Amino acid sequence: MTVLEHPRIEPDRLWIRAALIVMAVICILASLVVDIVLFDRTFLKEGPPDWQTSGMIRMGFSLMAGVAVALAFAPETLPARTMQLHPNRLRLVFAAICVATYGIHLWAAYALLFNRQSLMDEVEEVGLVALAQEAAIAVALVFLLLTAMRGKGLDAVRLLSIPGRWIASAMVLAVLLLLLEETSYGQHYFGWSTPAVFEGNLQMETNLHNFYTIRFEMVYYGVAFLAFVALPVLRDGAPDWLRKPLLRFVPPADFALLAMPLVAGMYASWNIMPQQVMFFSGTLIYLIMLWRWGMFSSMASLGLVTIISTQILYLVFGANQIRLYEVAEIREASICFALLAYSVWFWHTNRETPSQDKPA
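Using the numbering used here, read the sequence shown as starting at 1411 and increasing by one per residue.
Hints are computed from structural coordinates only; laboratory data are not their basis. This one's a predicted model, so the numbers in the text were calculated from it and none came from an experiment. By construction, the Cβ of each residue, glycine as well, lies at the ideal position given by its N, Cα and C atoms. A couple of the hints might just be wrong.
As the list claims (entries may be wrong) - Beta-carbon label-pair distances, calculated as ranges:
| no. | residue 1 | residue 2 | range |
| --- | --- | --- | --- |
| 1 | Gly1470 | Leu1583 | 38 to 44 Å |
| 2 | Ser1707 | Leu1448 | 22 to 28 Å |
| 3 | Val1607 | Trp1425 | 47 to 53 Å |
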C-alpha cells in the first residue's frame, strides 16, 4: 500500500486556528448572555424552533461560531481519500454503513411528512430503528473488544504516554456502558418493572441518562462530533510526535463524510446553540472537503444535500412528531452507525503489527 505524504501545519497556522476557536467560544458566550439578559432564557432549553428575534440572534451567533470552527478544523490541504484503499470486502462494509446512515434520514423525512405513526413506532423501544441502534452498538463492542484483546498494532503504541491497549480497553468500557444505558440494562427485553430508586426518570426506565437527558445529549453528541468528524480532518496535520500514534486511533479525513449525518436530526434541540454550531460547522467542513477534493460532481455531494435538506424538513415539519423526540432518535442512530464503522476501521487498522506509517 502506498505511503501518503501528510500535510504539516505551520506555527502561524496554529495561531490562526487558536484564534478561530476563541472566536467561536466568544460567539457562544455572547449568545448565552443575550439569551439570559434580553430574553430571560436558559442555555439548555428545548422546545419548538424559535423563529422570533431571540432565535434569529442565536442562529446568527451559531453561524458565526460554526464558520470559525469549520475554518479552524479543516486542514489547508487534504491527503488522498484513504477509506477507498481498503480491501474490497471492507469497502463494501463501509459503503453499506454509509447508505444506512444517510438513508435513515431520508426515510425519517418521508415518514415525518406522510406516516408519522410509523416514525414513532420504529424509534420506540424494540422498534426497528431502536433495534438497529442497539445492534450497531453491540457489534461495535465486539470489534473493539477483539482489538483491545488481540490487536497487535496496539502493542508498542502510546498516545500521550498512555499505552494503546489501555485506551482501547477504556473504549470497550465506554461502549459497554452506552449499550447498557440504551437498553436500560436489559429492561427493554426482559420487561421488569422500574425500581423505585429510578422514580423521576424521564421515561421511567432503569437508566441514568434520562435523569439528565439534555446534558447527556450535549456530551454524547459533542463527543461523537469530536471523534468522528473533527479529529479525522485534523489528524494528518498534527505534529509528527502526535500524528504517528493518532494513525492507530483516529480514522482518515474521508471518514468524516461517512459520519457527517450525525450533525442533523434536530427539532426541539435546535434552540440549544451548541447543537446549531455542530450543524453549521459540520456542513461547512463537508463543503470544504468537497471543494478541495474536487468532488462536487460526485455522489458525495448528494450526502451534503441530504444532510441540509432533511434538517430543514425536520425544523419545518417537526411539529408532526407525536412524541417530539423521534428525529433525535434518528440522529442517535447515525451516531451508532458511525461508531460501528469506526470499530471496523479500528479493528482492521490494529489487527497486525504496523511496519510503517500507512494510510489507514
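Now for the hints, and whether the structure bears them out:
Roughly 41 Å separates the CB atoms of Gly1470 and Leu1583, a value that falls within the hinted 38 to 44 Å. Between Ser1707 and Leu1448, the C-beta spacing of about 45 Å breaks the proposed range 22 to 28 Å. Between Val1607 and Trp1425, the C-beta spacing of about 51 Å keeps the proposed range 47 to 53 Å intact.
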